[in-house]
Amino acid sequence: MKHKRLAIAVTTAFALQFGAPAWAQVKIGINVPLTGFAAADGKSALDGAKLAVADANAKGGINGEKIELVIYDDQASPKEAAPAATKLIEKDKVVAGVSGSYSASTRAAAPLFQAAKVPYVVAYSIHPDVTLAGDYVFRTATMGEVQGRAGARLASDLGKKKVVLITLKNDFGQALAAGFKEAAPKFGVTIINEYEYSMPDRQFGALISKVKSDNPELLYASGYYFTAGPLVNQLRAAGVAVPIIGQEGYDSEKFIEIAGAASEGTLVTTSLDRDSASPVTQAFLKEYRAAYNSGADMVAASTYTATSIAIDGLKKTGGKGGEALKKAIESGSFSTPIGMITFNDLHEVKKDIQVQVVKGKAFRRHSVISDPVLLAPPTKAK
Amino acid sequence: MLFVELVAQGLVQGSIYALIALGLTLVYGLLRILHVAHAAFFTLGGYVGVMVANQTGSLAAAIVAAMIVAGIGGILMFRLCYQPILHQPPFVPLIASIGLYIAAEELFRIIFGPSGLSYKYEFLQGQVLLFGMLRFKQAEIAVMLGSAAIIGVLSLLQTRTRIGVACQATVSDPQMAESFGISLRRVGDINFFVGSALAAFAGVMVSVLNNLVEPTMGSVPSYKGLAIIVLGGLGSVRGTLAAALVLGVVESFGTIYLGHLLDRNAIAFAFLILVLMWRPQGLFART
Amino acid sequence: MEYEISLVTTMAISVLFALSLNLITGFCGQISLGHAAFLGVGAYTSGMLAKAGVPFLLTLPPAMLLAGVLGVVVGLASLRVRADFLAITTMGVGFLFVGVVRQQEVLGAEMGISAIPDTGMSKLVFMLFAVALAAAAGLLSSYVRHCWMGRVFAAIAEDEDTVRVLGIDVPRFKLTAFALGTALAGLAGGLYAQQLKFIAPDSFGFIESITVLSMVVVGGIGSVIGVSVSAAVLSVLPSWFQVIGDYKLLVYGGLLFLMMRFSPGGMAALVARIFHPDRWAGK
Numbered sequence: 001m002k003h004k005r006l007a008i009a010v011t012t013a014f015a016l017q018f019g020a021p022a023w024a025q026v027k028i029g030i031n032v033p034l035t036g037f038a039a040a041d042g043k044s045a046l047d048g049a050k051l052a053v054a055d056a057n058a059k060g061g062i063n064g065e066k067i068e069l070v071i072y073d074d075q076a077s078p079k080e081a082a083p084a085a086t087k088l089i090e091k092d093k094v095v096a097g098v099s100g101s102y103s104a105s106t107r108a109a110a111p112l113f114q115a116a117k118v119p120y121v122v123a124y125s126i127h128p129d130v131t132l133a134g135d136y137v138f139r140t141a142t143m144g145e146v147q148g149r150a151g152a153r154l155a156s157d158l159g160k161k162k163v164v165l166i167t168l169k170n171d172f173g174q175a176l177a178a179g180f181k182e183a184a185p186k187f188g189v190t191i192i193n194e195y196e197y198s199m200p201d202r203q204f205g206a207l208i209s210k211v212k213s214d215n216p217e218l219l220y221a222s223g224y225y226f227t228a229g230p231l232v233n234q235l236r237a238a239g240v241a242v243p244i245i246g247q248e249g250y251d252s253e254k255f256i257e258i259a260g261a262a263s264e265g266t267l268v269t270t271s272l273d274r275d276s277a278s279p280v281t282q283a284f285l286k287e288y289r290a291a292y293n294s295g296a297d298m299v300a301a302s303t304y305t306a307t308s309i310a311i312d313g314l315k316k317t318g319g320k321g322g323e324a325l326k327k328a329i330e331s332g333s334f335s336t337p338i339g340m341i342t343f344n345d346l347h348e349v350k351k352d353i354q355v356q357v358v359k360g361k362a363f364r365r366h367s368v369i370s371d372p373v374l375l376a377p378p379t380k381a382k
Numbered sequence: 383m384l385f386v387e388l389v390a391q392g393l394v395q396g397s398i399y400a401l402i403a404l405g406l407t408l409v410y411g412l413l414r415i416l417h418v419a420h421a422a423f424f425t426l427g428g429y430v431g432v433m434v435a436n437q438t439g440s441l442a443a444a445i446v447a448a449m450i451v452a453g454i455g456g457i458l459m460f461r462l463c464y465q466p467i468l469h470q471p472p473f474v475p476l477i478a479s480i481g482l483y484i485a486a487e488e489l490f491r492i493i494f495g496p497s498g499l500s501y502k503y504e505f506l507q508g509q510v511l512l513f514g515m516l517r518f519k520q521a522e523i524a525v526m527l528g529s530a531a532i533i534g535v536l537s538l539l540q541t542r543t544r545i546g547v548a549c550q551a552t553v554s555d556p557q558m559a560e561s562f563g564i565s566l567r568r569v570g571d572i573n574f575f576v577g578s579a580l581a582a583f584a585g586v587m588v589s590v591l592n593n594l595v596e597p598t599m600g601s602v603p604s605y606k607g608l609a610i611i612v613l614g615g616l617g618s619v620r621g622t623l624a625a626a627l628v629l630g631v632v633e634s635f636g637t638i639y640l641g642h643l644l645d646r647n648a649i650a651f652a653f654l655i656l657v658l659m660w661r662p663q664g665l666f667a668r669t
Numbered sequence: 670m671e672y673e674i675s676l677v678t679t680m681a682i683s684v685l686f687a688l689s690l691n692l693i694t695g696f697c698g699q700i701s702l703g704h705a706a707f708l709g710v711g712a713y714t715s716g717m718l719a720k721a722g723v724p725f726l727l728t729l730p731p732a733m734l735l736a737g738v739l740g741v742v743v744g745l746a747s748l749r750v751r752a753d754f755l756a757i758t759t760m761g762v763g764f765l766f767v768g769v770v771r772q773q774e775v776l777g778a779e780m781g782i783s784a785i786p787d788t789g790m791s792k793l794v795f796m797l798f799a800v801a802l803a804a805a806a807g808l809l810s811s812y813v814r815h816c817w818m819g820r821v822f823a824a825i826a827e828d829e830d831t832v833r834v835l836g837i838d839v840p841r842f843k844l845t846a847f848a849l850g851t852a853l854a855g856l857a858g859g860l861y862a863q864q865l866k867f868i869a870p871d872s873f874g875f876i877e878s879i880t881v882l883s884m885v886v887v888g889g890i891g892s893v894i895g896v897s898v899s900a901a902v903l904s905v906l907p908s909w910f911q912v913i914g915d916y917k918l919l920v921y922g923g924l925l926f927l928m929m930r931f932s933p934g935g936m937a938a939l940v941a942r943i944f945h946p947d948r949w950a951g952k
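From first to last, the protein sequence lines stand for chains Y, U and L. The opening position of the first sequence corresponds to residue 1 in our numbering, with each subsequent residue numbered one higher. The opening position of the second sequence corresponds to residue 383 in our numbering, with each subsequent residue numbered one higher. The opening position of the third sequence corresponds to residue 670 in our numbering, with each subsequent residue numbered one higher.
Derived by calculation from the structure, the hints in this document are not laboratory data. Note that the Cβ used here is the ideal one computed from N, Cα and C, for glycine as well. Fair warning: there could be bad hints in the mix.
DSBU-like mimics (lysine-lysine), calculated; alpha carbons at most 35 Å apart, straight line [as the list claims (entries may be wrong)]:
| id | chain 1 | residue 1 | chain 2 | residue 2 |
| --- | --- | --- | --- | --- |
| 1 | L | 720 | Y | 117 |
| 2 | L | 792 | Y | 327 |
| 3 | Y | 315 | Y | 359 |
| 4 | L | 792 | Y | 117 |
| 5 | Y | 315 | L | 866 |
| 6 | Y | 87 | L | 866 |
| 7 | L | 866 | Y | 350 |
| 8 | Y | 359 | U | 502 |
| 9 | L | 792 | Y | 162 |
| 10 | U | 502 | Y | 212 |
| 11 | L | 720 | Y | 286 |
| 12 | Y | 320 | L | 866 |
| 13 | Y | 361 | L | 792 |
| 14 | L | 866 | Y | 27 |
| 15 | Y | 361 | Y | 93 |
| 16 | Y | 27 | L | 792 |
| 17 | Y | 181 | L | 720 |
| 18 | L | 792 | Y | 93 |
| 19 | L | 866 | Y | 327 |
| 20 | L | 792 | Y | 212 |
| 21 | Y | 59 | L | 792 |
| 22 | Y | 50 | U | 502 |
| 23 | L | 792 | Y | 380 |
| 24 | Y | 380 | L | 866 |
| 25 | U | 502 | Y | 286 |
| 26 | Y | 181 | L | 866 |
| 27 | L | 866 | Y | 117 |
| 28 | Y | 91 | L | 792 |
| 29 | Y | 87 | U | 502 |
| 30 | L | 792 | Y | 181 |
| 31 | Y | 50 | L | 720 |
| 32 | L | 792 | Y | 87 |
| 33 | L | 792 | Y | 320 |
Computed footprint of chain U on chain L, listed as stretches where at least three residues anywhere in the stretch have a Cβ under 8 Å from a Cβ of chain U [what the hints assert, rightly or not]:
| id | segment |
| --- | --- |
| 34 | 672-684 |
| 35 | 757-763 |
| 36 | 767-780 |
| 37 | 883-890 |
Take these sequences, add in the hints, and give me the full structure.
Here is the structure:
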């Protein structure tokens, strides 16, 4: 039976080809809020990430090896995110991590990835401290402060000088407000008043009454679609007709669905341009709709981007993580649905801000704010 | 002008609170249970309302369906979940209720998805101008009128019908009432049905106001409602109503003028604590 | 190994936190729905002091002290109101704490405090330290329960009025329970801040208070061992059950309800029923 060993070897080789056992796969870890208050965004983020992995696997994965997405639910809480990160690093031994979650959880997870030298690409959490965790942490989203500055510039471009801020009371909203306040004087924009509201608020009657009495020329309101939708709806119903500038948090079809006719004309500073000429963007939008039967939102687009950057980096290193992957990402230039991405020395992204407007119940391009000085993310030198 | 508007907005919010808190007070008055899971019927009402409205195009049908479904759900919850543990120390039904609420919220999320549902058709979205200066959405007027009407009818029923009086008797002295042939179970069924139906009505109205139904929409009412019934004096319907309206107005002013110090919930609870320190039995308790 | 170490540390901190609530709720019958506020007081105190350069171990006594003092203040409130009202009042305290902290820039407002400096202890030593503290809390709880103070606590839980009539200074005992329980919660907070190296107001809200109360109730109010075991298990359950992932909270809610429905005495009662069926006279 001297052919027996050969037969076994050949059969095994065949089986390995088709079986794709766990230890031959490239693992990318992701933390997303699948339960809890942020579950809606978590689902979008995960959908985006899964699409990126599926796309890459369809094109042959990384040098023939399939990519596996290891998913942990962090409930958008630091308490859950930290053990999730530890598990991804130690048990699952992922070669790269992606954050599809909010800032609190990401801030807890980032230092762990840094300490383990596993590159961590953050999709849409905008708190400044995230990248301060170290050079293994990359962020593909525009920081809150930068977006806020863009908002001030937009207000000025529209010729509106007297603004009232409506700020969501969390790190997202406060970072945006901080950026707006910082840049406002440069553009001659005065902030008459600022009002804050909390995440669970859906009724803004009192706030709106007060805003009306302030008589602003424009509103800069931060929030997510589930707060912004009701807010804009109620503002218009109360007779407030001035322009409203929102941000990435509004960037979802659900915002238009909730606010209804009131959403017409709302301006949003974001990263996804539905009217983009870029084939990458259009292909992504089409694929997403085909796969999930709904339009992509910013969260999905950002997480898709973050995941595909991790994958592209891995392609360059042949599936290896660590130092090699870090270098591959930081030196790379990536063509993604949210534009051309490159990183500065703090591993923050350098890109333009898309301004979209709601027209005919859809997000359309309004303009692009391209001002490298204004939009410069913080660097290490700072 | 701003002052009047803030009061008006406070009353709108207070009406919603009243609808929710009434169910809580009915249950507490009868069973001495803090029925946290009550908020699940608020959310259930919202979901049933949106689904029926989107299917039939009729808001009235949606409201009726929501109230009936929630009412029945309330009875089921009473019979299956609370009745067996009535004799236990108070923390038992409280924790059980919390567990029920968490499970309910999750069920909503798992069944309907985390993103929430909106109305396909527009209901009560038009504007109403009162007294030439106060601008309301039709839905806001509907909430205020609706709750006033329902509560008025309820008070009448409570004082003028046999069933209503029976309910009241059971609250004051369950054993005495039972010896008179009034069944605790029957009264419990009624209280839970009515309370849950009210919560569902509130749920539908709020979903129309916001054009959004989400799995988590009941989380704030779940604990705010408790604060309100304590504020009003546990078990007192009139007290609950007054407390709800007062709290609505307090929050309305508080979020504008104290917003930089405290958030909405903190303002509500600070108010509650202050009142309790002054009157430990609640604003309108009848002891 | 690091993953296992962090798990055990989490368990130890949760046990300590749950035992601290057990002192108040379990021994004295005062339902607190806002206990996480004291965890937060301890966490912020310890974290801020650590960032200001104070060595970790020295941050713990102030954390405990501040939490304990606040506990006494809340305890004073508990003297004025009864049972159900107290539950809601403590809930209010919890919301007030979060609401106030969120607005204070000096406490990091919404963004919280991050980059809390290292203790200098290795992860393993820190874990042992946490476990030691949890064990000490367990011993303290047992001691309190069996000594005179504990008996008074139990009596108060059973029938406050009778105890008062007996001439015992009920207020003083209640306050002592609050002070002890909240101080220990403050200690747990200090450890918590150190373990996560990042704290934000949201971590100390209503949900956290409910979670720790559930641990106490599921373990069996008053039972030191029951509470310790249930806290240890429930704190790491989500991590083990990532496979249920989506259904995590549903299982958790269902568990709470079923436990209360079928064994209100918690796991301790279940165990007692199994081992001492004769003592289980239809309770």
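Each hint, compared with the structure:
Pair hint residue 720/L plus residue 117/Y holds up; C-alpha atoms about 25 Å apart against a cutoff of 35 Å. Note on residue 792/L and residue 327/Y: the hinted pairing holds, with a Cα-Cα distance of about 29 Å set against a maximum of 35 Å. Using a Cα cut-off of 35 Å, the hinted pair residue 315/Y and residue 359/Y is violated, with the two alpha carbons roughly 40 Å apart. The hinted pair formed by residue 792/L and residue 117/Y meets the criterion: a straight-line CA distance of about 18 Å does not exceed 35 Å.
With a C-alpha separation of about 34 Å, the suggested pairing of residue 315/Y with residue 866/L holds against the 35 Å cut-off. For the proposed pair residue 87/Y and residue 866/L, the alpha carbon gap of about 18 Å is at most 35 Å, so the pair holds. Straight-line distance between C-alpha atoms of residue 866/L and residue 350/Y comes to about 29 Å, which keeps the hinted pair within the 35 Å bound. Annotation: proposed proximity of residue 359/Y to residue 502/U holds, straight-line Cα distance about 19 Å (limit 35 Å).
Restraint check for residue 792/L and residue 162/Y: the C-alpha separation of about 53 Å exceeds 35 Å, so the hint is violated. Between residue 502/U and residue 212/Y the alpha-carbon distance is near 29 Å, which keeps this suggested pair within the 35 Å criterion. A C-alpha spacing of about 49 Å is found between residue 720/L and residue 286/Y, which places the hinted pair above 35 Å, so the restraint is violated. Between residue 320/Y and residue 866/L the alpha-carbon distance is near 29 Å, which keeps this suggested pair within the 35 Å criterion.
A C-alpha spacing of about 54 Å is found between residue 361/Y and residue 792/L, which places the hinted pair above 35 Å, so the restraint is violated. Only pairs whose Cα atoms come within 35 Å are accepted, and residue 866/L paired with residue 27/Y is accepted, the gap being roughly 27 Å. This hinted pair does not check out: residue 361/Y and residue 93/Y have alpha carbons roughly 44 Å apart, beyond 35 Å. This hinted pair checks out: residue 27/Y and residue 792/L have alpha carbons roughly 27 Å apart, not beyond 35 Å.
Taking the CA atoms of residue 181/Y and residue 720/L, the gap is about 28 Å. The hint holds against a cut of 35 Å. The hinted pair formed by residue 792/L and residue 93/Y meets the criterion: a straight-line CA distance of about 20 Å does not exceed 35 Å. Annotation: proposed proximity of residue 866/L to residue 327/Y holds, straight-line Cα distance about 27 Å (limit 35 Å). The straight-line distance between the Cα atoms of residue 792/L and residue 212/Y is roughly 55 Å, outside the 35 Å bound, and the hint therefore fails.
Between residue 59/Y and residue 792/L the CA atoms are separated by roughly 43 Å; this puts the pair beyond 35 Å, and the hint is violated. Between residue 50/Y and residue 502/U the alpha-carbon distance is near 30 Å, which keeps this suggested pair within the 35 Å criterion. Distance check on the hinted pair: residue 792/L and residue 380/Y sit about 29 Å apart at the alpha-carbon level, within 35 Å; holds. With a C-alpha separation of about 22 Å, the suggested pairing of residue 380/Y with residue 866/L holds against the 35 Å cut-off.
Restraint check for residue 502/U and residue 286/Y: satisfied, since their Cα atoms lie roughly 25 Å apart, inside the 35 Å limit. Simply put, residue 181/Y and residue 866/L have alpha-carbon atoms about 30 Å apart, close enough for the 35 Å limit, and the pair holds. Taken as a hint, the residue 866/L and residue 117/Y pair is honoured in the structure, with Cα atoms around 18 Å apart against an allowance of 35 Å. For the hint pairing residue 91/Y with residue 792/L, the CA-to-CA distance comes to about 18 Å; that is within 35 Å, so the pair holds.
A threshold of 35 Å between alpha carbons decides the hint, and for residue 87/Y with residue 502/U the separation of about 43 Å lies outside it, so the pair is violated. Under the criterion of a C-alpha separation no larger than 35 Å, the hint pairing residue 792/L with residue 181/Y is inconsistent with the structure, at around 42 Å. Taken as a hint, the residue 50/Y and residue 720/L pair is broken in the structure, with Cα atoms around 40 Å apart against an allowance of 35 Å. This hinted pair checks out: residue 792/L and residue 87/Y have alpha carbons roughly 16 Å apart, not beyond 35 Å.
Only pairs whose Cα atoms come within 35 Å are accepted, and residue 792/L paired with residue 320/Y is accepted, the gap being roughly 28 Å. For a cut-off of 8 Å, the count of residues in the segment 672-684 of chain L with a CB near a CB of chain U stands at 0, and the three-residue condition is violated. Restraint check on the segment 757-763 of chain L versus chain U: 5 residues with Cβ-Cβ distances below 8 Å, three needed, restraint holds. Requiring three or more residues with a Cβ within less than 8 Å of a Cβ of chain U, the coverage given for the segment 767-780 of chain L holds, as 5 such residues are present.
Counting residues of the segment 883-890 of chain L whose beta carbon lies closer than 8 Å to any beta carbon of chain U gives 3, which reaches the threshold of three, so the coverage claim holds.
Checked against the numbered hints given earlier, the structure breaks hints 3, 9, 11, 13, 15, 20, 21, 29, 30, 31, 34 and satisfies all the rest.
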